[in-house]
Amino acid sequence: MPTNVYMEALSPTMEEGRVVKWHKKEGDPVTTGDTLAEVETDKAVMDLVARADGVLRQVAVAEGETVAVGKVVAIIAAPGEATGATPGPAPQPAAAPAARSGERGAVPLAAPVTPPDATRVKASPLARRIAKETGVDLKLLTGSGPGGRVVRRDLEEAGRREKGDVRPAAVQPAAAPVVPLPSPVSPAVGGRGGAYEDVPLTQIRKTIAKRLVTSLGPVPHFFLTTEVDMERAAEARDALNRQLGDQGKVSFNDVILKATALALTKHRACNAWFQDDHIRYWNEVHLGMAVAVEDGLITPVLRHADAKSLAEINREARELADKARSRRLQPAEYTGATFSVSNLGMFDIDQFTAVINPPEAGILAVGTITPKPVAVDGQVVTRRRLRLTMSCDHRVIDGATGAAFLRTLKQMLENPLAMLL
Amino acid sequence: MANQFDVIILGGGPAGYVAAIRSAQLGMSTALIEKEKLGGVCVNIGCIPTKALLHSAYVANLLREAKEFGVEAGTLKTDYGVAMQRSRRVSDQNSKGVEFLMKKNKITVVKGSGTLQPGRKVKVGNDVYEAKKAVLIATGTRVKGLPQIGLDINKTTVISSDEALFLEKAPPSLAIVGAGAVGMEFANIFHAFGSKVTLIEVLPRLLPLEDAEASDALTKSYKKRGIDVLAGAKLTKATVGKDKVVLDVDVSGAKQKVEATAVLMAAGRAVNTEDIGLKECGIQLTDRGFIKVDQNLQTSAPGYFAIGDVAGPPMLAHKGFREGVNVAELLAGKKPHAIKYDNVPSVTYCHPEVASIGLTEEQCKERKVDFVVGRFPFSANGRARGTGETEGFVKIIRDKRYGEILGAHIVGAQASELIHELAVARENEYTVEEVELAIHAHPTMSEAVAEAALDSLGRVVHL
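Top line first, the protein sequences correspond to chains A and B. Taking this note's numbering, I'd label the letters of the first sequence as residues 1 to 421. Taking this note's numbering, I'd label the letters of the second sequence as residues 1 to 463.
Don't read these hints as lab results, they were simulated from the structure. Even glycine gets a Cβ: it sits at the ideal position worked out from N, Cα and C. Incorrect hints may have been included.
Restraint-style ranges between C-beta atoms, simulated for each label pair [stated by the list, open to error]: (1) B:Asp127 <-> A:Met346: 22 to 30 Å; (2) A:Ala307 <-> B:Pro118: 22 to 30 Å; (3) A:Arg318 <-> B:Val344: 53 to 61 Å; (4) A:His221 <-> B:Leu26: 30 to 38 Å; (5) B:Gly268 <-> A:Pro218: 55 to 63 Å; (6) B:His337 <-> A:Pro218: 45 to 53 Å; (7) B:Gly268 <-> A:Ile279: 47 to 55 Å; (8) A:Lys21 <-> B:Leu26: 28 to 36 Å; (9) B:Pro118 <-> A:His221: 15 to 23 Å; (10) A:Lys21 <-> B:Gln4: 50 to 58 Å; (11) A:Ala9 <-> B:Pro118: 40 to 48 Å.
Just so you have them, the derived chain A footprint on chain B, three or more residues with Cβ under 8 Å [as the list claims (entries may be wrong)]: (12) 232 to 240; (13) 402 to 414.
Isolated chain A, as found in the complex:
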């Protein structure tokens, strides 16, 4: 009995996935657990694995295509088993309803299936009609109607998104007559040489867009900046690195992460989540660290950062950043931070403000360490200085609370021995 292969929800927020690469081809034998394809979710590239033994058949989604979660992307059949590709005995009456278990979010179930069902698309009659007349493949669209049904709006949006060869449907909002494009246009409409270039949102960009407007809009931010003398931290770091020798290296970022984590243990008021009708104060410190990746950013989480040594922090931070950049982070590795740190020092940014990642109540923006003339004991001397800016959610953190935390952090960095207290 053939088993459907569904686009599975590979991250908690995933609604659709793009098949990056098929590891198995049509006709390849597969066993349960085999990686069938690599799928780009809204967060990372994940493996779609086989849930049955057999032979891969009827691959319905090409590499590069995006489909909604719950859609059938292929079938696993027993070797030699007819999958109905040729006219055979009539399908059992149960076949059609069973195939509906492929709706969004449904648990993948083995179900008898006939070829039309393997590529079944839920679409309104009007959407089908428009698709037929304009030559659009409904399988390539994500439905926004009830139960993931493709409706007219989805076709209109696809038409706008693609290249103008899909004419918008008849009824337009008032005063928007259908403007025919000059000619069936090639994908280079706005191309690099043109006046503009329309780049479709990748999964990660969509998620960034969705997440960030839930922050700076509704979350009442305020910002606190302090300047830290990094001379002694630099000395301590040099000493540590000499000690470590070949066994590794501690970066300024590691020192800042460690100090932040320790300061948070002393200021629980800043290590908190805003939860609509309550505030969750965390006793554990899980630090999110913003990592720039191609086409976006993600904040992997350094768990129990307060309890880790600088060498451990260094190693873990590097591993997480590498994984983030190669899009191999597992969901558990980028969720559950209690506070975040964003460092743009390597870009020579003096200071900046970062956007809070809700439900966290604060984020620390780290600038570059730069030598500056400062007055020490009445003398002007040059010292390595660092600017830290904390964004606070005022619903959780008040000015004085945030300032107290920053002062502790500043003291720890200016006198690294304080971290031992």
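Once you have looked at the hints, place chain B on chain A.
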């Protein structure tokens, strides 16, 4: 704290009480504040009692033709007072029904006038109620006069529907200002109870928001039964006496006087936004005086939502119902189906009824849509002939290329019931072909819907 609820709703009309029920169903503690009877304008002085009176009018008119059907019931005598008493019983039944629904769903009903306060609070008398999730404003609208030309509602000679619904006797003559749904329905009612009715509309036709063909059909029907219809008529002056009113009317240049024992104001409604603390909470209004809301129906003050008439047109109970449901679901963390405001049916329950959904033919022309019209008259429908209800038609406007149902307009005895086939079709993006393909029982008035769909495809059968 005893006075804390998840959701507090100000106003127990259609939007408010349905929001309360849905909130309670979703497990939220809910309080509903209402200063008068539950059910609002709709149940007490709107939709429900007028439908009762319209049926009395229908029975009167039916009996006038009874002989033709082989029935003679002796001398016909009408009594508006008795019809009114019946309509009150129907309203009370409905209001009690809402009360029962509140009890059943364990909703706390607070009697009194509520005033909004910052911090999601509502003050009623000396008590302050606090909402943990949101306050819903559902204060609705009310009738209004035309004081600019001397037509202040005085409740004796210049009345609104509020008074018309409680009259003991039909006035000998009645001028009705405004030929929208309310004006059309009262013209129908009072004419059937023996009043000499003059219907005055400033716009060029009756039911100005409906398709022109529907307006024409109703104008003909009303004139035929002896209702005076003045469309494109501007009121220039009103002389309000003790027992009569004289109106100076300018009908496209021709001046004339209309004299009546009473004037019924049926033009426009005032929004109930005064003295409920909107300003204190930072809740803004639109240019037209409705409460300004975003696409989630949230006002300019977070935590305060507006639903029903007060949130803007169309001012219809069923639009309020749906807004109440949607906000409740939103507050419970659900993702409600977006309201399609272009798919709200509009119904006038006069005889024949007028029901519509979507665009009118004029709107299709304005938008330069390529469309085809299909029509089917009830005079060609077997069931309609049998009941003697051959007035009216079904008109379906479809998109020429894809068959999308752009608009549908029905005039006929059962228009209010027939329109929903097309509402379901439009909501689910069926084209005229899906409507036609569904087998319609014979003989029914619904067949006219399928025939109109067929006509738009050039395949009408029974014509």
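Status of the hints after comparison with the structure:
The hinted window of 22 to 30 Å between B:Asp127 and A:Met346 is violated, with their beta carbons roughly 60 Å apart. Separated by about 44 Å at the C-beta atoms, A:Ala307 and B:Pro118 break the suggested range of 22 to 30 Å. Between A:Arg318 and B:Val344 the beta carbon distance is about 58 Å. The supplied range of 53 to 61 Å therefore holds. Range check, A:His221 to B:Leu26: Cβ separation about 32 Å, and the 30 to 38 Å hint holds.
The hint said 55 to 63 Å for the Cβ distance between B:Gly268 and A:Pro218, and at roughly 37 Å that hint is violated. At about 24 Å, the CB distance of B:His337 to A:Pro218 disagrees with the hint of 45 to 53 Å. About 49 Å separates the C-beta atoms of B:Gly268 and A:Ile279, a value consistent with the hinted range of 47 to 55 Å. A hinted range of 28 to 36 Å is violated for the C-beta pair A:Lys21 and B:Leu26, which are about 44 Å apart.
In this structure, B:Pro118 and A:His221 meet the distance hint of 15 to 23 Å, their C-beta atoms being roughly 22 Å apart. The supplied range of 50 to 58 Å is met by A:Lys21 and B:Gln4, whose beta-carbon atoms lie about 55 Å from each other. Between A:Ala9 and B:Pro118 the Cβ separation comes to about 41 Å, which falls inside the hinted range of 40 to 48 Å. By the rule of at least three residues with a Cβ nearer than 8 Å to a Cβ of chain A, the coverage given for the region 232 to 240 of chain B is violated, with 0 such residues.
As drawn, the region 402 to 414 of chain B meets chain A at 4 residues by the rule of a beta-carbon pair under 8 Å; at three or more, the given contact holds.
Going down the numbered hints, you'll see the structure goes against 1, 2, 5, 6, 8, 12, while the others check out.
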